[in-house]
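Q: In case it helps, this note's numbering puts the sequence shown at residues 1 to 186.
Simulated from the structure, these hints should not be mistaken for laboratory data.
Incorrect hints may appear among the rest.
[What the hints assert, rightly or not] In the DSSO-like style, the derived pairs of lysine-lysine whose C-alpha atoms are separated by at most 27 Å in a straight line are:
(1) Lys62 with Lys18
(2) Lys28 with Lys73
(3) Lys32 with Lys102
(4) Lys89 with Lys36
(5) Lys89 with Lys103
(6) Lys18 with Lys102
(7) Lys85 with Lys62
(8) Lys73 with Lys36
(9) Lys32 with Lys73
(10) Lys18 with Lys36
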Amino acid sequence: MDETSINRKIRYTRMVLKDSLLELMKEKPVSKITVKEICEKADINRATFYSHYSDPYGLLHKIESETLEWAEKMVTTILAQTDEKEMIKIIENILEYIVDNKKHIQVLMSEQGDINFQKQLLSMIYNRCGISPTNEKNADSLADEYYFVFVVNGSVGLIQYWLKSGQNRSAREMAEIIHNMAFKTR
Numbered sequence: 001m002d003e004t005s006i007n008r009k010i011r012y013t014r015m016v017l018k019d020s021l022l023e024l025m026k027e028k029p030v031s032k033i034t035v036k037e038i039c040e041k042a043d044i045n046r047a048t049f050y051s052h053y054s055d056p057y058g059l060l061h062k063i064e065s066e067t068l069e070w071a072e073k074m075v076t077t078i079l080a081q082t083d084e085k086e087m088i089k090i091i092e093n094i095l096e097y098i099v100d101n102k103k104h105i106q107v108l109m110s111e112q113g114d115i116n117f118q119k120q121l122l123s124m125i126y127n128r129c130g131i132s133p134t135n136e137k138n139a140d141s142l143a144d145e146y147y148f149v150f151v152v153n154g155s156v157g158l159i160q161y162w163l164k165s166g167q168n169r170s171a172r173e174m175a176e177i178i179h180n181m182a183f184k185t186r
């Protein structure tokens with residue numbers, strides 16, 4: 001068997017294991033999910049599971065770290081942008097990615113998801129934007145920080161609502177709404 005087909009099989013195996021865990025997490029938290037359940041859903045034997053991950057938490061951690069890595073790249077791209085049209089396009093691309101990966105994003109951000117992942121995501125966004133609880137604050141910088149925290153949390157909530165309500169607006173429309181709320185109200 002050549003290297004390409006082995007790599008393809010490994011990618012496929014990891015994909016079905018991730019999908020299976022996320023499907024199960026729609027019903028219950030990871031703490032209640034067994035390797036046996038994941039393997040049954042993925043139609044993969046337990047030895048194969050253990051050749052990739054140590055337990056369901058290891059699998060979830062891998063999903064979360066990949067998502068955080070992607071999110072950090074997107075935040076960096078947005079922060080480097082000053083052109084309004086380009087920024088809206090980047091936000092639109094983020095929303096399209098979220099829609100394409102809706103099932104796992106919704107699970108990670110739901111009450112079944114890991115609250116630590118959600119905190120890490122927001123913390124990463126704050127840190128990339130220079131918001132830190134240890135910074136000395138004057139009245140203006142504190143107001144800016146409150147505004148930024150409001151915008152980030154409001155954007156996350158708006159995206160969650162948009163996903164739950166069936167994306168009744170296009171990614172482009174949502175990108176414009178988020179951009180306008182974040183930058184035009186200032």
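Q: If you draw a straight line from the CA of Lys89 to the CA of Lys103, is it 27 Å or shorter?
A: 23 Å, holds
Q: Below or equal to 27 Å on CA atoms is what counts here, so check Lys32 against Lys102.
A: 23 Å, holds
Q: Would the pair Lys62 and Lys18 pass a check requiring their Cα atoms to be no farther apart than 27 Å?
A: Roughly 9 Å between the alpha carbons, so the hint for Lys62 and Lys18 holds.
Q: Hinted pair, alpha-carbon criterion (27 Å max): Lys85, Lys62. Please report holds or violated.
A: 34 Å, violated
Q: For the pair supplied as a hint, Lys73 and Lys36, is the alpha-carbon distance within the 27 Å limit?
A: 35 Å, violated
Q: Measure nothing beyond the straight line between the CA atoms of Lys18 and Lys102; if it is 27 Å or shorter, mark the hint as holding.
A: 13 Å, holds
Q: Holds or violated: Lys32 and Lys73, Cα atoms, limit 27 Å.
A: 32 Å, violated
Q: Taken at face value, is the distance from the CA of Lys73 to the CA of Lys28 at most 27 Å?
A: It is violated: about 30 Å lies between the C-alpha atoms, which goes past 27 Å.
Q: Is the straight-line distance between the alpha-carbon of Lys18 and that of Lys36 27 Å or less?
A: With Cα atoms ~14 Å apart, Lys18 and Lys36 stay inside 27 Å; holds.
Q: Would you mind confirming whether the straight-line C-alpha gap from Lys89 to Lys36 stays at or under 27 Å?
A: 43 Å, violated
The structure fails to meet hints 2, 4, 7, 8 and 9 from the earlier list, while all remaining hints are met.
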